[in-house]
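Asker: Here is what each chain is made of, one letter per residue.
2 protein chains.
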Amino acid sequence: MNLSHQNHHLISEIDRKGLYKVIFSRRDVRGQFRPDPIPDHVISRILYAAHHAPSVGFMQPWNFIIIRSKSVRKQIHDVFKQANQEASEMFPKQKRKMYSSLKLEGILESPLNICLTCDREKTGPVVIGRTHIKEMDTYSSVCAIQNLWLAARAEGLGVGWVSVFNEKKVKEILEIPDHVVLIGYLCIGRVTHFYQKPELETAGWLPRLPLEELIYFDKWDKNGQNENSSLLNQVRKDLHFPEYSIQED
Amino acid sequence: MNLSHQNHHLISEIDRKGLYKVIFSRRDVRGQFRPDPIPDHVISRILYAAHHAPSVGFMQPWNFIIIRSKSVRKQIHDVFKQANQEASEMFPKQKRKMYSSLKLEGILESPLNICLTCDREKTGPVVIGRTHIKEMDTYSSVCAIQNLWLAARAEGLGVGWVSVFNEKKVKEILEIPDHVVLIGYLCIGRVTHFYQKPELETAGWLPRLPLEELIYFDKWDKNGQNENSSLLNQVRKDLHFPEYSIQED
Numbered sequence: 744m745n746l747s748h749q750n751h752h753l754i755s756e757i758d759r760k761g762l763y764k765v766i767f768s769r770r771d772v773r774g775q776f777r778p779d780p781i782p783d784h785v786i787s788r789i790l791y792a793a794h795h796a797p798s799v800g801f802m803q804p805w806n807f808i809i810i811r812s813k814s815v816r817k818q819i820h821d822v823f824k825q826a827n828q829e830a831s832e833m834f835p836k837q838k839r840k841m842y843s844s845l846k847l848e849g850i851l852e853s854p855l856n857i858c859l860t861c862d863r864e865k866t867g868p869v870v871i872g873r874t875h876i877k878e879m880d881t882y883s884s885v886c887a888i889q890n891l892w893l894a895a896r897a898e899g900l901g902v903g904w905v906s907v908f909n910e911k912k913v914k915e916i917l918e919i920p921d922h923v924v925l926i927g928y929l930c931i932g933r934v935t936h937f938y939q940k941p942e943l944e945t946a947g948w949l950p951r952l953p954l955e956e957l958i959y960f961d962k963w964d965k966n967g968q969n970e971n972s973s974l975l976n977q978v979r980k981d982l983h984f985p986e987y988s989i990q991e992d
Numbered sequence: 744m745n746l747s748h749q750n751h752h753l754i755s756e757i758d759r760k761g762l763y764k765v766i767f768s769r770r771d772v773r774g775q776f777r778p779d780p781i782p783d784h785v786i787s788r789i790l791y792a793a794h795h796a797p798s799v800g801f802m803q804p805w806n807f808i809i810i811r812s813k814s815v816r817k818q819i820h821d822v823f824k825q826a827n828q829e830a831s832e833m834f835p836k837q838k839r840k841m842y843s844s845l846k847l848e849g850i851l852e853s854p855l856n857i858c859l860t861c862d863r864e865k866t867g868p869v870v871i872g873r874t875h876i877k878e879m880d881t882y883s884s885v886c887a888i889q890n891l892w893l894a895a896r897a898e899g900l901g902v903g904w905v906s907v908f909n910e911k912k913v914k915e916i917l918e919i920p921d922h923v924v925l926i927g928y929l930c931i932g933r934v935t936h937f938y939q940k941p942e943l944e945t946a947g948w949l950p951r952l953p954l955e956e957l958i959y960f961d962k963w964d965k966n967g968q969n970e971n972s973s974l975l976n977q978v979r980k981d982l983h984f985p986e987y988s989i990q991e992d
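Chains as they are written, first to last, in this note's numbering: chain P, 744 to 992; chain F, 744 to 992.
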């Protein structure tokens, strides 16, 4: 048996704890950015983490536009401001004031913005695994964002995903071609602190949903009976697993 | 200053190494599943990892359909087989034989399938951060999949994302309502081994792209000049960072 291309590396309990700590302490950061520049060797590592995301048919459809120019960030920020004004008017009156009080981006305060894209034509018209579900390529680019986000958290960097803007206008500023989809616009930088919980949860906008209510068995809306109740009991028992995971040793 | 809701936990170098090891050793598994059932406490942990993904407007739009029933899996497998036949005919003749030789799913061999969805109506018509880009909710569910995938790898479990099927037919089998999007159909289980590299890379289907070619500065297609060359030099220098990260200590 040829073992040379097999990976026998076990993930240790220590590695696993590290992963869970990063997953549960990752936050969407908007307001706690510090302006210190990020060293190249750190940017390089988080880009490698993104580049090793899963991709349908091994397409690797992503590109990374590194935006450090103040004038480009200023243009993007103007596009955000206009959209944010439009957005606030979409909410019912009683939520409008709270919406306007929320800080939703750190485009100018963070030292680094990254626009992550998806080139839908990268590997030709037919892609393994994308013959029937066309969104699979954009989903691959989203997986790259999540890898980058976790790597950034592990490097002590905050990331905020900005999504309140007219996509066409941002694509014009960044000169992104029509066949390329803008997947995520990320603000990245060192932070003064990370919050214990998501800001929208703390602000009372929406509560964390109980995991057990999100689980079905074998069909939509089918709750656990008998043979499935042990998993639901376990999920209830693990309610505080995320908090335990980020506690100091 | 009220510190009670702030998270001062530092991620240690050991935690960070654990994360990178998991990110770089994660694989899309199709053919190496073992039939051993997965303990409830492990399923619970990977579901919590998914549930703590970022979500636009704190929507948490995901549900998890846990599929262990053999008859349901058999129905899904039939839908896959039909689509896979259709898919093979879409490729140019010279790639068709190779396509047919690739194993693209482990629906029946893996002991656990999870269908992860996105309920687009979960929190009402207007969602913070989704006022202008409507795909943000489906992207949130994709982030949940990536978290689950990494957690599974850290637990020693392989995950394979199956995407070759008629979505409407699978939704019918699982009785998923119209307004809910099927985001990912995952096969999960213990494995005989993980491959060192993605199977499509090893098979010569497509090569790993050099990261440096995917990086632009401030605009699409703009390569690094002067002030940006140090980052590109660093990226070249870190070419083997992913391999180093998964080496045994």
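What the hints contain is simulated information worked out from the structure, not anything from laboratory work.
This one's a predicted model, so the numbers in the text were calculated from it and none came from an experiment.
One thing to keep in mind: the hints can contain errors.
In silico SDA-like cross-links for lysine to any residue, where the CA-CA straight-line distance does not exceed 25 angstroms [as the list claims (entries may be wrong)]: (1) K965/F with K760/P; (2) K980/F with P950/F; (3) K877/F with D821/P; (4) K840/P with V869/F; (5) K813/F with P780/P; (6) K877/P with K965/F; (7) K760/P with K980/F; (8) K877/P with Q939/F; (9) K877/F with R863/P; (10) K877/F with K760/P; (11) K824/F with D821/P.
Per the computed footprint, the stretches of chain P lying under chain F, defined by three or more beta-carbons under 8 angstroms from a beta-carbon of chain F, are [as the list claims (entries may be wrong)]: (12) 757-768; (13) 846-856.
Chain P is nowhere near these chain F residues, computed Cβ spacing over 12 angstroms in every case [claimed, not checked]: (14) P778; (15) D779; (16) S883; (17) E910; (18) D964; (19) K965; (20) L974.
In this text, a Cβ means the ideal position worked out from N, Cα and C, and glycines have one as well.
Asker: Identify every previously stated hint that the structure contradicts and give their numbers, smallest first.
Answerer: 1, 5, 6, 7, 8, 10, 11, 13, 16, 17, 18, 19, 20
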